[in-house]
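Novice: Position chain F against the provided structure of chain D, taking the given hints into account.
Those protein sequences? They're chains D and F, same order as listed. Anchor point for the first sequence: position 101 equals 101 in our numbering, and the numbering is continuous, going up by one each time. Anchor point for the second sequence: position 3 equals 114 in our numbering, and the numbering is continuous, going up by one each time.
Just so you know, the hints here were simulated from the structure itself, not pulled from any lab data. All figures in this text were calculated on a predicted structure; none of them were measured in a lab. One or more hints might be untrue.
[What the hints assert, rightly or not] Lysine to aspartate or glutamate pairs mimicking EDC-like chemistry, simulated, CA-CA at most 16 Å apart: (1) 92/D to 16/D; (2) 67/D to 53/D; (3) 168/F to 91/D; (4) 168/F to 139/F; (5) 98/D to 214/F; (6) 92/D to 167/F; (7) 98/D to 167/F; (8) 215/F to 91/D; (9) 50/D to 214/F.
[Said to hold, decoys possible] Ranges of calculated distance between the beta carbons of each label pair, as one might list FRET restraints: (10) 168/F to 13/D: 23 to 33 Å; (11) 114/F to 80/D: 17 to 27 Å; (12) 177/F to 17/D: 20 to 30 Å; (13) 14/D to 126/F: 42 to 52 Å; (14) 167/F to 52/D: 21 to 31 Å; (15) 187/F to 13/D: 37 to 47 Å; (16) 16/D to 185/F: 42 to 52 Å.
Every residue gets a Cβ at the ideal spot worked out from N, C-alpha and C, and that includes glycine.
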Amino acid sequence: QQPVQSPQAVILREGEDAVINCSSSKALYSVHWYRQKHGEAPVFLMILLKGGEQKGHDKISASFNEKKQQSSLYLTASQLSYSGTYFCGTEKASGTYKYIFGTGTRLKVLA
Amino acid sequence: DTGVSQNPRHKITKRGQNVTFRCDPISEHNRLYWYRQTLGQGPEFLTYFQNEAQLEKSRLLSDRFSAERPKGSFSTLEIQRTEQGDSAMYLCASSRQGRLENEKLFFGSGTQLSVL
Numbered sequence: 001q002q003p004v005q006s007p008q009a010v011i012l013r014e015g016e017d018a019v020i021n022c023s024s025s026k027a028l029y030s031v032h033w034y035r036q037k038h039g040e041a042p043v044f045l046m047i048l049l050k051g052g053e054q055k056g057h058d059k060i061s062a063s064f065n066e067k068k069q070q071s072s073l074y075l076t077a078s079q080l081s082y083s084g085t086y087f088c089g090t091e092k093a094s095g096t097y098k099y100i101f102g103t104g105t106r107l108k109v110l111a
Numbered sequence: 112d113t114g115v116s117q118n119p120r121h122k123i124t125k126r127g128q129n130v131t132f133r134c135d136p137i138s139e140h141n142r143l144y145w146y147r148q149t150l151g152q153g154p155e156f157l158t159y160f161q162n163e164a165q166l167e168k169s170r171l172l173s174d175r176f177s178a179e180r181p182k183g184s185f186s187t188l189e190i191q192r193t194e195q196g197d198s199a200m201y202l203c204a205s206s207r208q209g210r211l212e213n214e215k216l217f218f219g220s221g222t223q224l225s226v227l
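Next comes chain D alone, as it looks inside the complex (with noise of 0.2 Å):
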């Protein structure tokens, strides 16, 4: 199953924050999130294993929930190069290594 991203797109100021999330129905073994320019490839930007994981670098960090059914990407005064389409991509379960990416959420950073 799909995991679903909210927000659908986001339109933000330099600067500014935004959060975007990624939820499924069953837990999840794994969520890695991607950042996607238009016209190119996807690019990793983390992983996280754990419930009640935070990571993160630069200003931009994620966290996935106890349930590990939710995480959250959060970006911190974003910057013009943060636009593009964020994906989060689950894995079920552990050695599957089917990740199955989610509905995806495009953010505008504008200066």
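Specialist: Chain F in isolation, oriented as in the chain D frame:
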């Protein structure tokens, strides 16, 4: 790493023709994935190889689709008797088996298929 390479970048074909795409993963990456992506949608899982073994194949994949990875290196995806609904971007990704927290997918630039 030279990155994941896919050829061709674009393919235009007539309905009913067969097409074949090639993916060269990052060297030493033993896992290889094929995804299909249509405009505005997330990548849709097609199939996955570990070395030369095809371990998972989407039930959405009809028998017109076949993938191979001889010798565990490059992979080919063939679509027989193409239909207009096959028009999409076909993405290949690879990853290296290792610590789970480091097992990320590296995607190629994709092959854009247009079936007329």
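Novice: Each hint: holds or not?
Specialist: Verification of the supplied hints:
1. 92/D to 16/D: Violated, because 33 Å separates the two Cα atoms, which is more than 16 Å.
2. 67/D to 53/D: Given that 16 Å is the threshold and the Cα spacing comes to 11 Å, the pair holds.
3. 168/F to 91/D: holds (15 Å)
4. 168/F to 139/F: Outside the cut-off at roughly 23 Å; violated.
5. 98/D to 214/F: Cα-Cα ~13 Å, so holds.
6. 92/D to 167/F: holds (14 Å)
7. 98/D to 167/F: holds (7 Å)
8. 215/F to 91/D: Holds, at about 12 Å.
9. 50/D to 214/F: holds (15 Å)
10. 168/F to 13/D: 23 to 33 Å: The hinted range 23 to 33 Å is violated for residue 168/F and residue 13/D, with Cβ atoms some 45 Å apart.
11. 114/F to 80/D: 17 to 27 Å: About 24 Å separates the Cβ atoms of residue 114/F and residue 80/D, which means 17 to 27 Å holds.
12. 177/F to 17/D: 20 to 30 Å: violated (46 Å)
13. 14/D to 126/F: 42 to 52 Å: holds (46 Å)
14. 167/F to 52/D: 21 to 31 Å: holds (29 Å)
15. 187/F to 13/D: 37 to 47 Å: holds (46 Å)
16. 16/D to 185/F: 42 to 52 Å: holds (44 Å)
The structure fails to meet hints 1, 4, 10 and 12 from the earlier list, while all remaining hints are met.
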